[in-house]
Amino acid sequence: MAIKLALKIGESFAEIRALSADSNMGQKRPKPLHQARWFLPKCSLADGLREALTASGAQKEGGELYIISTRHDRALCRRQGLAPAFLVTAGFESHLRVDTRISVADSDIIAADRVFGLNERITATGEIITPLKIEELDLLAAKLEAMKVKQIAIGFMNSTMNSVHEVQAAGYLRERGFSVLASHTLAAQISSPLDEVARWRLALECQSTAGILAEDLTAIESVLQETLGADASQWQIKVHVIGKQGFSPLKDYSPAAVHGGLESALERAADAHLTRTDAAYLLHFGIESFHIVRPSSAGAKESSLAIQPTTLLGIGNWGIPVFENETRSYVPGPMLFGKSHQLCFIDVLFSRDRLTEVEGFTPLVNEKARARILDTIFTLGKALSAETGRTVDASEITADLEVAGIERIALEIATAKQDSVILLSGAFAPSLEPLLKLRRPDLVFQVLSEGAWYEADACFQNNDSPQAQQNSKKRNA
Amino acid sequence: MRKSWNFSLMQSEALATLMDRLLEPLGAAAFALPDGRALHIRPASPADLATLPLAASLCQQYLRLSDGEIAILNDPFSGGTHLADITLVCGLKIDSKGTGTNADLLIARRISMPARVSARNHLDDEGVRIPPTPLYSHGVLNKDLLEAIATHPLSAPGFFSRVEAAITELSETARIVRAVAQDPASELKAQNFKRFLADSSHAFRVLMGRIPLGARTVTRQLAGGETIKLALEVTENRILFNFAGTEASSALGLTEHATSGACLAAIAAVMCPDRLKRGSVPLNASAFEHIQVSTPAKTLLSSRAPSGMFRGMHQGIAIVASLVMDALAALNPALRTAASAGHHGLLQIAFDDGRFFSTPIAPGSGASRDACGDTAIADFDQLIKNNIYLEASEKELPLLWLHHGVRANSGGRGKKAGGDGSTLAFQALAPARARWVMGEQAQNLAGSESGLAGLPAQIVVVRASGEREEFAQAEGEIALLSGDQVHFLGSGGGGFGEPPQATGA
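So the sequences go chain by chain: A and B. According to our numbering, the first sequence is numbered sequentially starting from 1. According to our numbering, the second sequence is numbered sequentially starting from 1.
Source of the hints: derived by calculation from the structure; they are not laboratory data. There could be a bad hint or two in this list.
Derived, one-sided and incomplete: chain B residues facing chain A with beta-carbon distance under 10 angstroms [as the list claims (entries may be wrong)]:
{"no.": "1", "residue": "Gly100"}
{"no.": "2", "residue": "Lys395"}
{"no.": "3", "residue": "Glu396"}
{"no.": "4", "residue": "Ala425"}
Calculated pairs, DSS-like style, for lysine-lysine (alpha carbon to alpha carbon, straight line, at most 30 angstroms) [as the list claims (entries may be wrong)]:
{"no.": "5", "chain 1": "B", "residue 1": "Lys298", "chain 2": "A", "residue 2": "Lys417"}
{"no.": "6", "chain 1": "A", "residue 1": "Lys339", "chain 2": "A", "residue 2": "Lys368"}
{"no.": "7", "chain 1": "B", "residue 1": "Lys395", "chain 2": "A", "residue 2": "Lys133"}
{"no.": "8", "chain 1": "A", "residue 1": "Lys301", "chain 2": "A", "residue 2": "Lys133"}
{"no.": "9", "chain 1": "A", "residue 1": "Lys437", "chain 2": "B", "residue 2": "Lys189"}
Note that the structure is a prediction, hence the values are computed from the model and not measured. For every residue, glycine included, the Cβ atom is placed at its ideal position computed from N, Cα and C.
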């Protein structure tokens with residue numbers, strides 16, 4: 001009996017689920033052979049995977065392992081990626097810096113001292129008007145070696161019309177031992193058209209987090225080597241990495257394609273669910289992120305919700321506590337883990353006793369944190385307390401904040417017609433379902449039976465089916 | 001509904017967040033009541049603050065928009081700004097209990113097309129003037145009208161498709177707004193608007209605590225010799241801006257509403273210096289309750305047709321806003337900032353075969369006591385996109401880009417450095433005329449408190465023959481031949497405080 005394993009690597013949590021290979025998305029599933037969710041600071045990715053391979057029987061039976069990672073995408077948001085060297089057509093070294101599509105977070109991966117202009121130029125028709133000089137690359141390579149820079153992104157003007165200069169530069173630098181990503185290759189991997197800003201930015205992002213992704217994939221490979229033998233071609237387990245464009249074999253994954261894996265997997269999984277149930281939307285309340293997936297003629301479309309489990313609370317300009325647009329990570333943790341001093345949405349839900357049991361998460365909750373959370377909320381409301389002239393009960397503020405958080409979700413489903421079915425998935429779906437029912441009694445909320453493991457389950461959605469391929473094409477168009 | 005200690009304020013804040021999120025896909029846009037009171041404004045430029053609600057109310061007054069109907073305008077004297085900014089106003093009926101079919105809520109949305117300016121500062125040279133006109137009714141777009149405007153020689157390239165797409169997006173937002181309003185628990189209800197504006201008023205008054213009290217009069221002389229005079233008076237509950245003594249100008253003109261927007265934008269910048277959070281200052285009718293702007297007739301701040309509007313809506317707005325900042329800094333020196341152009345420059349290239357290209361060029365902003373100036377961000381035009389799609393424009397136009405990015409070291413040095421401006425350069429591959437507008441503030445970028453001045457804006461033309469011409473005029477026009485190069489160097493912001501001494505040998 002071959003086994004299918006789905007591994008989701010998040011910023012702070014990993015989860016794995018093993019099913020018999022006969023199970024299909026869209027059918028009632030048999031009991032999973034194994035499932036686990038663990039906090040990465042306490043248990044390494046390798047240890048969790050090792051245990052899953054043994055417990056599920058995959059080590060003996062063989063099968064397939066699907067991997068989604070959001071860790072490298074989150075690293076970009078947290079400005080934890082490395083600034084790679086960026087080689088660009090001379091004259092356009094700071095083109096990205098003045099483009100308003102580049103956010104402050106993006107600008108962190110474009111370090112001014114690592115951007116180098118090269119004297120080359122290709123026109124919009126692909127004609128070479130200034131040839132690339134290898135001597136110039138030679139000098140640059142020496143400089144980069146001295147700077148101990150390993151990752152390089154290349155973005156030359158009109159490289160999608162004629163890639164010869166990017167190919168030459170990438171080849172030369174690879175020979176000198178650098179890890180190089182040429183931007184024209186991304187245009188080939190991403191089927192939607194990319195202008196130079198999008199192409200160059202994606203190249204920088206991929207190179208910025210390549211180390212983080214490689215670290216995880218190397219850890220996975222090591223576990224597989226240790227369990228299945230050193231020769232990967234003999235492995236009985238085939239490994240796929242999931243990204244925006246679908247599945248890539250572990251040995252041959254493309255840097256661009258593994259970004260946006262979770263979003264892509266949610267869309268693919270929702271395609272099947274939304275069609276089957278005729279539901280209006282799928283709301284996904286995962287441990288680390290909340291999403292909405294809407295059906296459209298071009299297949300399901302994912303977007304992030306305006307409230308996230310770790311959205312921070314602050315005092316707004318109106319002088320009252322409000323949810324900000326910033327999220328934090330689970331390390332050191334929300335206040336309910338007993339380690340942080342910054343309140344977030346999940347702390348509000350905890351203080352209102354809304355959180356149901358969540359495997360791998362509940363054991364981390366520190367009951368003693370409740371009093372501290374209420375103290376902090378009271379302090380936040382102190383200014384208004386003085387203004388209203390009466391002592392404010394912290395529980396009143398938490399109730400109002402809970403309403404404010406749920407309102408941000410309600411807005412996203414505002415267009416749902418009466419009696420529409422809204423599917424809920426993710427580890428926190430059972431916690432949020434009663435609150436949503438209260439807010440929109442006219443809608444039907446249905447927590448998916450496999451909902452708590454939906455992120456992992458989404459990996460199983462067959463990318464090779466004609467429907468999935470068609471939707472993928474439509475989405476990218 | 002449970003009423004707790006501060007639930008009204010929380011509801012109102014939630015409503016503001018809700019409206020902001022609903023308008024987000026539209027860019028510069030506003031919710032307004034039919035009487036012209038704004039409920040929520042998301043501006044791209046200070047001029048939008050008062051003109052978007054005015055556009056909404058005039059459309060309703062003249063056209064009586066029903067639910068889903070959309071009108072178009074760009075007339076600066078009917079709630080528009082300059083002719084390249086197209087305003088669409090959509091009627092919505094959200095109160096199902098209300099009688100009649102007229103809209104009870106309006107969305108005004110503004111889209112910016114490539115701007116045209118001419119040497120003679122005449123409105124007719126800047127584009128096609130559109131008064132409030134019905135465009136979309138009962139699901140049908142008046143394509144004949146749109147086509148007629150689009151085929152006018154002064155109409156912006158891509159006018160038809162941009163407006164058509166904007167109408168689709170506006171209709172989609174209207175559909176979502178209607179659905180939100182029908183949700184029984186939603187805050188977006190006609191009966192909540194009065195309370196919302198009262199709460200906004202309260203919040204605005206609290207933020208006014210950050211504005212220094214007192215009165216000051218400041219004046220500024222423009223390059224043409226005209227004077228702008230502002231008497232500013234800040235009391236506990238009200239801020240008065242009296243521009244009596246301001247003269248008329250043949251070179252620069254803006255409307256009363258645009259002037260009000262500039263005054264409010266300067267106040268909001270002091271209330272919330274963090275530009276990323278500035279959106280949380282209540283920008284609606286309640287803000288205008290607390291400010292009173294007096295612009296005497298026949299001055300440059302209350303221009304009439306046929307005066308051109310482009311310069312006023314960019315340079316004029318920045319001048320008014322910086323004059324307000326000067327007056328506030330005179331009341332409290334801690335608010336002093338170094339000079340900056342305050343607004344984007346503009347470069348337009350008209351090829352002899354009729355193809356046209358226009359792009360804004362961002363200056364650097366001035367430094368303040370607490371912060372360095374921003375790179376390539378105009379103080380008062382923050383949301384204007386100065387993105388250039390290099391490869392796409394090379395495909396469509398006979399030009400070759402030579403450079404685009406930051407003008408390094410153009411910000412003045414100081415304890416806090418001024419922001420660097422942006423710069424671009426291209427080579428014309430066919431005969432064309434290039435016209436630029438930098439604005440007079442882009443030439444005088446003084447530092448503050450011993451900070452050094454930013455570099456002024458400059459145009460350099462390198463002819464195919466190798467001959468070099470330099471221009472420092474606030475605006476001008478030149479003929480280009482194939483092979484000529486144009487370099488536009490945007491201005492940097494002034495530095496603040498004495499620059500640190502250079503270290504080393």
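Against the structure, the hints:
1. Gly100: Since chain A brings no Cβ nearer than about 25 angstroms to B/Gly100, farther than 10 angstroms, the hint is violated.
2. Lys395: Interface hint status for B/Lys395: holds (4 angstroms vs cutoff 10 angstroms).
3. Glu396: OK, holds: B/Glu396 within 10 angstroms of chain A, min 9 angstroms.
4. Ala425: holds, 7 angstroms
5. B/Lys298 <-> A/Lys417: Violated, because 54 angstroms separates the two Cα atoms, which is more than 30 angstroms.
6. A/Lys339 <-> A/Lys368: Distance of about 11 angstroms is within 30 angstroms: holds.
7. B/Lys395 <-> A/Lys133: holds, 25 angstroms
8. A/Lys301 <-> A/Lys133: violated, 45 angstroms
9. A/Lys437 <-> B/Lys189: holds, 21 angstroms
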